[in-house]
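Use the sequences and the hints to build the structure in full.
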Amino acid sequence: MKLSEFLQHYDKPGSIILLEGKRNVREEDREKLVKLGNLLAFKSRYMLFRSGNADGSDQFFSEGVAGIDDRRLQVITPYTGHRRKTNLAYDTVALDEIDLAAEADVVYQSKSNKKTEKLIDQYVGGNRNSYAIKAAYIIRDTVKAIGAEGVPPAAFGIFYDDLLKPETGGTGHTMRVCRMNNIPIIDQRTWFQWVEE
1 MKLSEFLQHY DKPGSIILLE GKRNVREEDR EKLVKLGNLL AFKSRYMLFR
51 SGNADGSDQF FSEGVAGIDD RRLQVITPYT GHRRKTNLAY DTVALDEIDL
101 AAEADVVYQS KSNKKTEKLI DQYVGGNRNS YAIKAAYIIR DTVKAIGAEG
151 VPPAAFGIFY DDLLKPETGG TGHTMRVCRM NNIPIIDQRT WFQWVEE
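Using the numbering used here, you'd call the opening residue of the sequence shown number 1 and step up by one each time.
Please note: incorrect hints may appear among the correct ones.
Pairs of lysine to any residue residues, derived as SDA-like cross-links and limited to a Cα-Cα distance of at most 20 Å, are as follows [to be verified]:
#: 1; residue 1: 85; residue 2: 55
#: 2; residue 1: 35; residue 2: 10
#: 3; residue 1: 111; residue 2: 179
#: 4; residue 1: 118; residue 2: 130
#: 5; residue 1: 115; residue 2: 166
#: 6; residue 1: 115; residue 2: 131
#: 7; residue 1: 118; residue 2: 107
Keep in mind the hints are simulated off the structure, nothing from the lab.
Set out below in structure tokens:
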């Protein structure tokens with residue numbers, strides 16, 4: 001997919017694009033993530049960009065978008081105040097603002113991550129100890145993709161992945177949730193070409 005095709009198809013009112021990926025970003029790739037966020041915000045008119053406010057990919061993509069228009073940047077955070085000092089978004093939705101008991105699909109799809117399946121129930125049940133809080137990150141990753149009450153779903157996902165260990169961790173979970181919900185995704189094997197044009 002070329003950048004022009006992507007923009008033609010997805011630059012529409014209400015279109016939400018995920019920009020996220022691994023915390024560990026290769027030194028030589030960092031500038032490309034900032035450049036992509038910048039390029040997409042500059043070349044599009046309607047797209048909103050969503051991230052998870054994590055260190056690494058999320059931060060670099062967000063810097064690029066915010067450098068053009070922070071009003072088009074939204075982050076979904078695992079709890080209120082998450083990385084507040086580095087949050088560049090105009091709109092922040094914290095997981096603890098969402099009634100998870102009313103979000104059966106979010107809970108169900110979050111449990112597809114077998115490593116945190118039992119923690120999801122504990123967290124949704126109100127347990128916020130240091131072990132159960134790990135579930136908040138996976139639930140946040142699910143909400144970023146499929147949305148929740150007052151949070152529309154994403155239309156497309158752009159990821160920076162670890163190509164040596166692809167689709168692992170929270171990034172891998174988000175990518176799988178996108179696929180399960182027919183949300184198209186790409187990784188840097190596609191979008192690196194966009195920033196080099």
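(Q) Which constraints among the numbered hints does this structure fail? Numbers only, ascending. (A) Going through the list in order, the structure violates no hint and respects every one.
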